[in-house]
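Chain E: place on chain W using the hints.
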Amino acid sequence: MLITSVMLNAQQHKILSESFTADTNTTTIFNLDNITVALEESTDGKVHVDYIMEFDGYSKKEINSFLDEIKVEVGKFDNHITLNASSENKISLETYEFKTTDAITINQSFFESKKDSVSRKSLEVLHLEIEQNNRSIQGNSLKYINDRFKKVDKNGKVTDFKKGGIKMMRSRFTIRIPPYLKLIVNAKESGLYIRHHLRNELTGTLIGGTLKTKEISNPYNKVKIENATLEAIAIEGGDFDFINLKSSKIGSIQNTKITSEFSKVEIGEIRKNVTITDFNSEYYFYNWAKDFTRFNLYSEYSKIHFWYPKANHSLKVIGNNTKNLVSNNKFEINMQPTSKEEKYTMMVKEPHPGEKLSGQIFFDIVHGIIYSHNDAIKK
Amino acid sequence: MKQDIRTLFTEEDDLKPLPKNHRSEFADKLKKQSKPKQNPYTWLGVAAILIMALTIGFNALEMETKLEQNQVSPIVAQVEAVEAAYLKDIETEWQSFVAIADDAILVERFRKKLKDLDADYQNISLQFKGDSNNILVIEALVENLQTRLQILKDIQKHINILNQKNEHHEKSI
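So the protein lines, in turn, are chains W and E. Going by our numbering, the first sequence opens with residue 10, and the numbers climb by one from there. Going by our numbering, the second sequence opens with residue 14, and the numbers climb by one from there.
Looking at chain W on its own, in the form it has when it is part of the complex (with noise of 0.2 Å):
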């Protein structure tokens, strides 16, 4: 009895190997749905496609049954090569089920908005939280799950969850590409997770899930995320729709586009030719490049969390009904208090003159809130 137990243990299942020759002319396209595949870059010019499940604490019946309903085919033709993935039960990295007869509660207040507090994080500091993820969902998934449920017994005693109450499949699903190829990807509710610097042409939708990346950069660029997460350690080129980004991240953006709404975004650095449009979203720019050039900002209804460049550089701020909150809310400025239509020229900071200038900031805001935190102030 010991013995199988201990055997269905970390079961291991390849449920997919193969492997495509490649040129220049070659178009990958990636259609996901509940899956988590991480690309990584090929270096023998073939794209190789190699997936492998593990299952923990699972019984060979519940294995089976989970790989019948994942659902991989790959295949080239005409020199497109295309995935078709696909799994009934969502997985990701590290995909934790409770087992059956548990009882549980949900944390709420885990799943409610933290109010940290606000302080000017470096690109490095950014960086590391970007990277620490792009492996596992968590180095502790106990942690992961008791920070968010708790195990009930039948006297409604509540507990932690220990190791072995909880089932765990881990997905290895990696996809090795030749840098240039066209890519395309079509996800739903799944997992993108692109641990090399991607250069390759980048087009598609991720619709729910997580994208964890390194640079992706190409100036044709063309992808839309929604209700999804984004961690990106920098963003080059491009045109980027975000809509309800949750948490998200990007260390670096530079000569790109971005629309957006019902967003939250935290930017370590803005470099150059970065503009942005958008709908009641809440960013962070926290750091600005010594040559940014040019940053446009067209919102309505966002929240502006902003850090003021350390070199000399210009401000303008346009727009109406819009409040300025210094110091931790401590001073406010009342910046045009009219919501009709017209705009009006509601602030300008012209740049030191015989100085250098990094670059200039336009502000076109209706009815927003620009917070300037403490240590933004350029003396």
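Source of the hints: derived by calculation from the structure; they are not laboratory data.
Heads up, simulated DSS-like pairs for lysine-lysine below, C-alpha to C-alpha not over 30 Å straight-line:
hint, chain 1, residue 1, chain 2, residue 2
1, E, 142, W, 166
2, W, 233, E, 166
3, E, 142, W, 152
4, E, 125, W, 255
5, E, 166, W, 130
6, W, 266, E, 170
Frame of chain W; chain E shown alone:
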């Protein structure tokens, strides 16, 4: 028939004397009684008890299974309770938001956003029905409800800040 019981044990004449070997006779009788009588139908009794136990056990198992089928799992019950509480709060916040918002376009955008989020919730609920122990699915459900509640709270706070009378340090540009 009345009799004084005190006289019963004083009238020695009525007592019969015990035989001399009464001790050994009594011991022999005891030995004979202690040997159990061999019943040829004992195994039938055992079998009957076994059958009864199995029948009771089977019926109990069947009843338990039927009970389990009819009962909502504790996890589903908990999620349903959380959902009901959230939906009530969301409705309250929605009414409160509509009452303070004087921008019809804003109200319409929020109505659409909440409708979209509800549609997403229905999709996740379908997943939850088939996979109710999956932590990621439960998380997605709670996050969806929390998002709806939070965007309503946030926009009201936003509107209140914009509408606030500037009581201190006011400076119009």
